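J.: If you want the building blocks of each chain, they are given just below.
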Amino acid sequence: MDWSALDLSLRLAFWTCVVLLPLGVLAGRALAYGRFAGKGFVEAVVALPLVLPPTVLGYYLLVAFGGASTVGRLYEAVVGHGLVFRFDGLLLASIVFNLPFAVQPLQRAFEAIPSDVQEAAWCSGMSRWRTFWRIELPLAWPGVVSALALTFAHTLGEFGVVLMIGGNIAGETKTAAIAIYDRVQAFDDAAAGTMSAVLLALSFLSIGLVYTVARHGSRRRA
Amino acid sequence: MARDAAPEPVGDGLNVRLRQERPIPLDVELRCAPGELLALVGPSGSGKSTILRAVAGLYRPRHGDIACDGQSWLDTGRGLNRSPQRRRVGLVFQDYALFPHLSALHNVTAALGHLPPRGRGARGRELLGMVNLAGLEDRRPAELSGGQRQRVALARALARDPAVLLLDEPFAAVDQVTRRKLRQELVVLRRRVDMPIVLVTHDLNEAALLADRLCVLHRGRTLQDGPPAEVMTRPHSALVARVMDLGNIFDAVVAEQRPAAGLTVLRWLDYALEARHAPAFPPGAKLTWVIPPSHIVLHRRDRPSRGEHENPVRGTVGELAVLGETTNVTLAVNGRKDCPLFFTVATHAARRNGLAIGVAATVSLLSVGIHLMPREERGEQRAVDPARHELAAIR
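If you read the protein sequences in the order shown, they are chains F and W.
Heads up, this note's numbering is the position in the first sequence plus 2, with the first residue counted as 1.
Heads up, this note's numbering is the position in the second sequence plus 1, with the first residue counted as 1.
One or more hints might be untrue.
[What the hints assert, rightly or not] Sample of chain W residues at the chain F side, in silico, Cβ under 7 Å:
#, residue
1, 57
2, 90
3, 94
4, 100
5, 111
6, 112
[Unchecked claim] The following label-pair restraints were derived from C-beta to C-beta distances:
#, chain 1, residue 1, chain 2, residue 2, range
7, F, 78, W, 25, 53 to 61 Å
8, F, 209, W, 124, 42 to 50 Å
9, W, 64, F, 117, 19 to 27 Å
10, W, 23, F, 135, 35 to 43 Å
11, W, 72, F, 73, 47 to 55 Å
12, W, 147, F, 216, 23 to 31 Å
13, F, 218, W, 114, 24 to 32 Å
Keep in mind the hints are simulated off the structure, nothing from the lab.
Remember, predicted model here, so these are calculated numbers, not experimental data.
In this text, a Cβ means the ideal position worked out from N, Cα and C, and glycines have one as well.
Generate the whole structure from the sequences, applying the supplied hints.
T.: See below:
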């Protein structure tokens with residue numbers, strides 16, 4: 003059992019959620035309420051990671067983050083080291099490939115709030131900011147939980163993109179999913195089995211949470 | 002420049018003037034004094050709800066002025082458009098739009114942002130008590146009946162201490178019994194609040210029951226504005242009569258004018274109907290007339306009564322609907338199904354006179370109830386700008 007790999011996976015999942023949640027709320031709300039040119043295009047871009055082969059996504063991220071790229075050079079100039087084969091790069095990639103898992107449930111949740119409930123809040127004298135905190139966000143709560151659980155579970159399970167962008171460096175980029183592959187290659191079936199079971203349990207718990215919250219949310223609003 | 006053209010004194014109550022051609026045509030001018038209840042009536046798509054949303058600040062018309070209690074809320078000429086938060090409106094939405102995740106009490110206290118936090122709970126309870134919901138403060142909207150939800154919505158609308166109360170079809174989503182109860186409560190509530198109230202409804206009876214003044218709207222334009230009794234018995238035009246679904250609308254020709262007798266005589270089918278003198282229509286003029294059911298008197302079979310000489314009209318009973326104590330009767334005049342005369346009688350009177358489908362009957366059309374209007378030209382209903390034609394014809 004490779005504890006450092008599991009620890010790395012959990013850290014990656016945690017930080018992905020932390021960064022992606024506010025981003026997803028902003029983007030999901032904008033897509034739900036906004037009427038702007040090219041909205042369909044933006045939605046398509048957000049959904050792309052769902053259908054793209056992880057290797058293709060990983061390849062483009064590798065090119066985009068690499069030492070020859072603007073992003074890579076800029077990052078190295080500011081932070082002092084590059085993005086590729088580092089935890090930072092992995093986190094950035096994780097944020098990109100989890101976009102649809104965070105944005106889409108939040109967009110659906112904001113869309114489900116009737117517009118007259120929002121208008122009623124304004125007519126009750128509540129500012130837009132207060133309406134967001136007191137009315138919109140609590141009503142979009144099931145979407146928040148879904149987004150977090152899906153992002154968390156998906157980060158634990160991602161393999162292709164991680165391998166492309168991070169490689170297999172223990173303690174830095176070797177996540178649990180990579181470690182399992184590593185153990186199987188080394189004919190260490192016991193370790194692979196244990197780690198697979200742990201990932202299975204974590205994923206099951208996350209998805210179970212999503213379904214429970216979704217059912218509870220729909221019952222409360224009925 | 003619009004300022005100079007119309008130096009409208011902004012007084013008490015609500016003053017609204019809206020004009021635009023697109024996307025929804027609007028051409029309305031409304032006033033509602035403090036304590037007055039103004040009902041906006043008209044078919045769906047006539048712009049009633051849009052006007053209400055414009056007053057609340059949820060819809061921005063191309064041109065218009067809205068002022069309440071001397072404070073300007075919208076003035077497109079000056080580029081002024083206050084947000085709903087800065088308008089002090091109380092709006093009851095058609096589907097109530099309660100906050101589903103908050104209790105009844107918190108739905109109300111959410112609109113008490115102008116009070117210090119410590120005073121909100123007490124004021125919220127007081128408001129819920131005022132709409133007869135004491136004891137249900139902790140229930141969520143999903144745990145309340147339709148009528149109770151409407152009351153929470155009303156309490157929430159009043160919570161802001163609004164300068165105007167707007168009610169958008171507030172009784173549309175509840176059953177008949179609850180509706181009657183809620184209407185009665187509104188009548189009582191009105192005595193306790195002193196602000197302009199604007200009610201949007203497509204139910205004429207509701208409007209007549211509750212409102213001090215009706216404003217009849219058609220395709221975004223004001224057709225007529227006045228007390229319910231006047232609008233319903235003296236519509237300005239055939240279009241108003243049709244929009245109000247008054248029934249008993251017929252075409253006739255002026256046979257003669259008898260100013261000395263105070264009468265205008267109409268030729269209608271084979272009858273000479275005497276109406277109150279209306280000098281605006283010369284002999285030979287084609288016109289439309291209307292009579293409310295309340296001015297149609299059924300002749301008794303057994304013995305003649307005094308009113309029988311007044312415009313007697315014969316026919317056969319076409320339809321009969323017994324609604325408890327009253328019975329709705331449709332009389333096919335001269336047996337013609339295309340000339341239906343609608344009136345109501347007490348059910349016992351209908352029984353005593355042996356009213357049944359196919360039975361012959363005679364009624365009197367009381368001349369004070371016959372109201373004359375310019376003839377509605379065929380096709381004018383479909384014209385681009387029917388309201389303006391109608392109004393021009395009157396002026």
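J.: State for each hint whether it applies.
T.: Against the structure, the hints come out as follows:
no., hint, verdict
1, 57, "6 Å, holds"
2, 90, "6 Å, holds"
3, 94, "5 Å, holds"
4, 100, "6 Å, holds"
5, 111, "6 Å, holds"
6, 112, "3 Å, holds"
7, 78(F) / 25(W): 53 to 61 Å, "58 Å, holds"
8, 209(F) / 124(W): 42 to 50 Å, "45 Å, holds"
9, 64(W) / 117(F): 19 to 27 Å, "25 Å, holds"
10, 23(W) / 135(F): 35 to 43 Å, "37 Å, holds"
11, 72(W) / 73(F): 47 to 55 Å, "53 Å, holds"
12, 147(W) / 216(F): 23 to 31 Å, "27 Å, holds"
13, 218(F) / 114(W): 24 to 32 Å, "29 Å, holds"
The structure meets every hint from the earlier list without exception.
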